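Novice: Taken in order, these protein sequences are the chains called A and B.
Residue 78 in the working numbering sits at position 78 of the first sequence; the count goes up by one each step and never skips.
Residue 1113 in the working numbering sits at position 113 of the second sequence; the count goes up by one each step and never skips.
Everything labelled a hint here was simulated from the structure, so no lab data went into it.
Mixed in with the good hints, there may be bad ones.
Computed far set for chain B versus chain A, every beta-carbon distance over 12 Å [said to hold, decoys possible]:
1) LYS1023
2) ALA1024
3) ALA1026
4) GLU1110
5) SER1129
6) SER1152
7) SER1242
Below 25 Å or equal to it, Euclidean Cα-Cα: the simulated SDA-like pairs (lysine to any residue) are [said to hold, decoys possible]:
8) A:LYS59 with B:ALA1198
9) B:LYS1132 with A:GLY61
10) B:LYS1131 with A:ASN32
11) B:LYS1105 with B:ARG1093
12) A:LYS105 with B:TYR1137
13) A:LYS105 with B:LYS1022
14) A:LYS322 with A:PRO237
15) A:LYS105 with B:TYR1260
16) B:LYS1132 with A:LYS322
17) B:LYS1105 with A:LYS211
18) A:LYS59 with B:ALA1149
19) A:LYS105 with B:ASN1053
20) A:LYS105 with B:ALA1198
21) B:LYS1022 with B:ALA1198
22) A:LYS105 with B:PHE1054
23) A:LYS59 with A:GLY133
24) A:LYS211 with A:LYS314
25) B:LYS1131 with A:LEU26
Far from chain B, by Cβ distances over 10 Å, these chain A residues were calculated [to be verified]:
26) GLN3
27) GLN65
28) LEU74
29) GLU77
30) LYS105
31) GLN154
32) GLY181
33) GLY198
34) LYS211
35) LEU302
Computed from a predicted structure; not experimentally measured.
Glycine is no exception: its CB is placed at the ideal position from the N, C-alpha and C atoms.
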Amino acid sequence: MAQFSIPKRDETKEMRYQMGYALADLAGEYENIVAVDADLRSSSGLHIFEHYHPDKLVKVGIAEQNMISISAGLSQEGFIPFPCTFDAFCRRFMDQLYISVAYSKCNVKVLGAYVGLFTGKAGATHQSDKELGLLLRIPNLRVVEPGCNEEMRQVLRTAAETVGPFYIRIVRCQVEDNEIGPDYRFKLGKGVTVTDSGSDVGLISTGYMIKTAKIAAEKLKSKGFGVRLDHHPSLKPFDADLLADMASKVSVIVTLENHCVSGGLFSLVAESLAREGLQIPVGTIGTDPEDFIHTGHVNDLLAHYQMTSDDVVKVAEQTMSKAGI
Amino acid sequence: MTDDELRIKSIHYRKRLLKYIKKANAGHTGGSLSCVDILNVLYNRILNVSPGNFGEPYRDRYIQSKGHSVEALYVVLADRGFFAESELETLCRHRSHYVGHPTRKVNGIEQNTGALGHGLAFSVGVALSAKKDGADYKVYTLLGDGELAEGSNWESLLTATHYGLDNLTAIVDRNNLQLTGRTEDMCNLEPLAEKFTAFGWSVRGADGHDVAAMTDELRSVPFDLGKPSMIVAKTIKGKGISFMENDHKWHHGVPDDEQYEQAQQELDALLAEYE
Chain A
1 MAQFSIPKRD ETKEMRYQMG YALADLAGEY ENIVAVDADL RSSSGLHIFE
51 HYHPDKLVKV GIAEQNMISI SAGLSQEGFI PFPCTFDAFC RRFMDQLYIS
101 VAYSKCNVKV LGAYVGLFTG KAGATHQSDK ELGLLLRIPN LRVVEPGCNE
151 EMRQVLRTAA ETVGPFYIRI VRCQVEDNEI GPDYRFKLGK GVTVTDSGSD
201 VGLISTGYMI KTAKIAAEKL KSKGFGVRLD HHPSLKPFDA DLLADMASKV
251 SVIVTLENHC VSGGLFSLVA ESLAREGLQI PVGTIGTDPE DFIHTGHVND
301 LLAHYQMTSD DVVKVAEQTM SKAGI
Chain B
1001 MTDDELRIKS IHYRKRLLKY IKKANAGHTG GSLSCVDILN VLYNRILNVS
1051 PGNFGEPYRD RYIQSKGHSV EALYVVLADR GFFAESELET LCRHRSHYVG
1101 HPTRKVNGIE QNTGALGHGL AFSVGVALSA KKDGADYKVY TLLGDGELAE
1151 GSNWESLLTA THYGLDNLTA IVDRNNLQLT GRTEDMCNLE PLAEKFTAFG
1201 WSVRGADGHD VAAMTDELRS VPFDLGKPSM IVAKTIKGKG ISFMENDHKW
1251 HHGVPDDEQY EQAQQELDAL LAEYE
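Just chain B, with the same shape it has in the complex (with noise of 0.2 Å):
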């Protein structure tokens, strides 16, 4: 697949996630809009997972620890084939497995994430088992900037560390907000790559939003043998949609009927470009 296809890609997984969250109305839109990028490089280009192998133990393992962008997931997830795209019709219905945050009911989830924290820690604890099999197979998790202030994560950056996982690649979805305004407001992380390398991870910084970029970065992991690897991803919450692109009240917005109108018009005239 050729990076123009990986870019076309990605303003339909916008358009479906909006659709999606449109018709539920409910979703994490702007967190989902940031990090669909990542998955797309991530499901279409790195991972060696696919509906055919999901559940081989030599599968590689993605693990979303920020659950809450679990729309940019479901489209993706499905756009590889793990379940037909209609089943998105009934998100966050009643009685569907379609929740709001990533569970194992739905086919090509690793791991329930939603509450903050959890999912480095897991990651570590499937890596680190990894090493004790001898297996070869690769892990990656997604992080949210804002999450980072939960503890949990750091305590699960010395362990990476401490067990010399190499197999363990971890990408911060740096978009700089959180739900109630600017990441630096509420918990000021910076300098974040530095203190990522003070825990003793190979980090790496790349635009989350090039597809180019990601590949080059992801196709390179681990970064340096016997250490963890850590991109952090610059990314805009919202991204493609231009009145949502740096606002935190997209964190879980939904459009009215005139907003996603002009969402989805910007998104067509953005792929009438590449036609």
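One chain only, chain A, in its complex shape (with noise of 0.2 Å):
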């Protein structure tokens, strides 16, 4: 019997199971994957993983520092281990990563469950909010945040079969199984157009908020607003060119992101825009960078950090009228 329930795969469609089933799915298909936890598993999914690889699942206790130091000794000989804890414990294991993993180029695949807002009622402790301000800043670190679970499995395969260290924000909460399209195929630095009807608002997701993004410019488009929406799981590499194209053919934009706007996808929005000298108004959906997430269910934190569809509406027609359109 198993020691931990586990939820059926096409019943569930929380992100978190949905990546234990996937990543049980690949170390069938590479036997050198391993998984490290420490101490979460029955949390972040990994209890799936285990459930079908109890031999491939290698426990190091409630020690994140040594979790991410003895998965890069595990990749040194070959093993493709995917450690995986809460995305706010990897506060505890920064340097573990910059040196141990990222600078020494170790072939290890970091798994940060719970990111975001959506991690219940755990409060600022356990919610991670800030982490991309340096993710997105350490070399060799490939930094992706899938918005759907079809597209969280093949960012998990492109994962395993790239060499080189990468950073995947798994959300806790239900997603769609795919949010993009059946054609879509998920590119390491590539960005995705996923609705394109005008030239008046251009929304930019990332991760779950791809689903907001849908939404909000379904909304958009009711009240007469020609929208575009580019999604952007791949936050580094990231992809200028999309951004470039979008820039050029929209009034304004809006970023949206599990994550604080600083730090994250609408830094990289930012000083992508000025590097490549592109004026555009740009308006912001995420949480507050000065503020330790609040407790609460989800919905009220949503309403709390204005991150709701009808907020993205709002900060759309507020940019606009800003610069005059």
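Can you join these two chains into the complex? Each is in its own frame, and there are hints to help.
Specialist: Here you go:
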């Protein structure tokens, strides 16, 4: 009997559980894949991996620094380790990630679970909305934030098949299986245009926020605005070409991220636009960089941080208004 | 190689590491002098590693967790033929691979280290890999005593025991000094051996400058089947240079011209004893 209950693959929509299945599938294909757990597997979804591959799970105890450097050592000898803990705890192992993994170009694929606001009611200790500020500035590290389960599966495969360090942000909550389309193929360093109905507003999403962006796009369209939605799962490397293309075609941009509005997606967009000399107003959707995340139901938090689709519409309209559109 | 031949090598290693530190006007002099005899024994008697087999799966692995004492490692690797010693003329220069902490850009170096408290965990990962693969190579790592205040080491000590990594040997360069003074004044470590024992390691002590004693201990690992081995090597920071010994100011002190000449003369005098 399994130690932890295993949600059924065809019933659960939670990305954490689908991640457990996807990694277990990959480990069936690649015998050198191992998962490394710092005692959160029943939450992170790694317990599903353990169910299928008990011999491929390395338990290191509640020791996140250890988890990352041990993973570096495992990778040195040909394993492909996927260490997984709450994304918030990357704050504890940032130096190990920086030195033991990224500086040494070790083939380690870190899974940051429970990213952003969707962590339930745990409070600021367990919520992670500031971490991209450092993660996106670590040389050699690729940072990816998938927005639906199909994309997550493709990202895991890409990480397994691409030599070098990865950091993959995984959300806890339910997501759609495919937000983008049946023919979609994730490519590292590439974003994708999800909808394009005109040139008034450009929405740029990453991770979970693709869902909110799609709803907001429909609301904006129903108000008579032309909307283009680009989704950027690959934050590092970032698809600056797709951004430049959008900037040349729309009047304003709104960024949507399950992270604070400094150091993450908005900063990537703002840096890239400034670097290319592209002048376009940009509104932001995301949490407050000066705030520790409050506790509460996720809907309360989304309302508090003004991250709902209605907020996106409001920010888009305000940004257009400020720009005199 | 006889014990005396090793002892002579150690003196030459000291002369060379001082030469390159002096030329670079940078380096971790005291710690390099305290651990160089340990490296001498490892590379000339213990480790099955050479330029010819580096990268081969069966080689033994050495990971220097106290990365700052890299000058000792560089001169030993050069002596073992991993690269031409003349490369060390570029130590710490712009664009040189021979930087002040080890990187894998230098032939013979297994892992980038320098931020303390990483090497033991990495070594645990390597040793665990060997167990999973059924490989019989051994893994050795060198820790500073001041480094042991980093809590990550104690996470790794637990994990090594949990997995019964008897293919892993850690050596503590126990010179009792760190950058700003005595280890026991910064963060008391004693009773150190008892702590390692309590964490499930098999522990022995040795004089870290006695090549014969270090050889005996290193040839005896694992001390107990099913347990990782720990050698607390008693050493002297700045060993071999009278005015550097047991003075924390030489942690990363560079001798001036007069001090450099005196240091080389003292080492030459030691060499003369073997002629």
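Novice: Please go over all the hints and tell whether each is borne out by the structure.
Specialist: How the hints compare with the structure:
1. LYS1023: 26 Å, holds
2. ALA1024: 21 Å, holds
3. ALA1026: Given a closest Cβ separation of 20 Å, the condition holds.
4. GLU1110: 7 Å, violated
5. SER1129: 3 Å, violated
6. SER1152: It is violated; SER1152 (chain B) is separated from chain A by about 4 Å at its closest Cβ, not greater than 12 Å.
7. SER1242: Label holds. Min Cβ-Cβ 36 Å, cutoff 12 Å.
8. A:LYS59 with B:ALA1198: Holds, because 21 Å separates the two Cα atoms, which is no more than 25 Å.
9. B:LYS1132 with A:GLY61: 18 Å, holds
10. B:LYS1131 with A:ASN32: 14 Å, holds
11. B:LYS1105 with B:ARG1093: The given pair, whose Cα atoms are some 15 Å apart, holds under the 25 Å limit.
12. A:LYS105 with B:TYR1137: 23 Å, holds
13. A:LYS105 with B:LYS1022: Given that 25 Å is the threshold and the Cα spacing comes to 32 Å, the pair is violated.
14. A:LYS322 with A:PRO237: 31 Å, violated
15. A:LYS105 with B:TYR1260: 38 Å, violated
16. B:LYS1132 with A:LYS322: Measuring from Cα to Cα gives roughly 61 Å; hence the hint is violated.
17. B:LYS1105 with A:LYS211: 44 Å, violated
18. A:LYS59 with B:ALA1149: Holds, at about 24 Å.
19. A:LYS105 with B:ASN1053: 22 Å, holds
20. A:LYS105 with B:ALA1198: 35 Å, violated
21. B:LYS1022 with B:ALA1198: 42 Å, violated
22. A:LYS105 with B:PHE1054: Measuring from Cα to Cα gives roughly 18 Å; hence the hint holds.
23. A:LYS59 with A:GLY133: Not OK: LYS59 (chain A) and GLY133 (chain A) at ~29 Å, beyond 25 Å, violated.
24. A:LYS211 with A:LYS314: Satisfied, since the Cα-Cα distance of roughly 17 Å is no more than 25 Å.
25. B:LYS1131 with A:LEU26: 23 Å, holds
26. GLN3: 18 Å, holds
27. GLN65: Not fine: 4 Å to the nearest Cβ puts GLN65 (chain A) too close to chain B.
28. LEU74: 5 Å, violated
29. GLU77: Nearest chain B Cβ is 3 Å from GLU77 (chain A), so the label is violated.
30. LYS105: 8 Å, violated
31. GLN154: 28 Å, holds
32. GLY181: 40 Å, holds
33. GLY198: Its Cβ never comes within 10 Å of chain B, the nearest being 50 Å, so this holds.
34. LYS211: 37 Å, holds
35. LEU302: For LEU302 (chain A), whose nearest Cβ neighbour in chain B is about 36 Å away, the distance exceeds 10 Å, so it holds.
Going through the hint list in order, the structure does not satisfy hints 4, 5, 6, 13, 14, 15, 16, 17, 20, 21, 23, 27, 28, 29 and 30.
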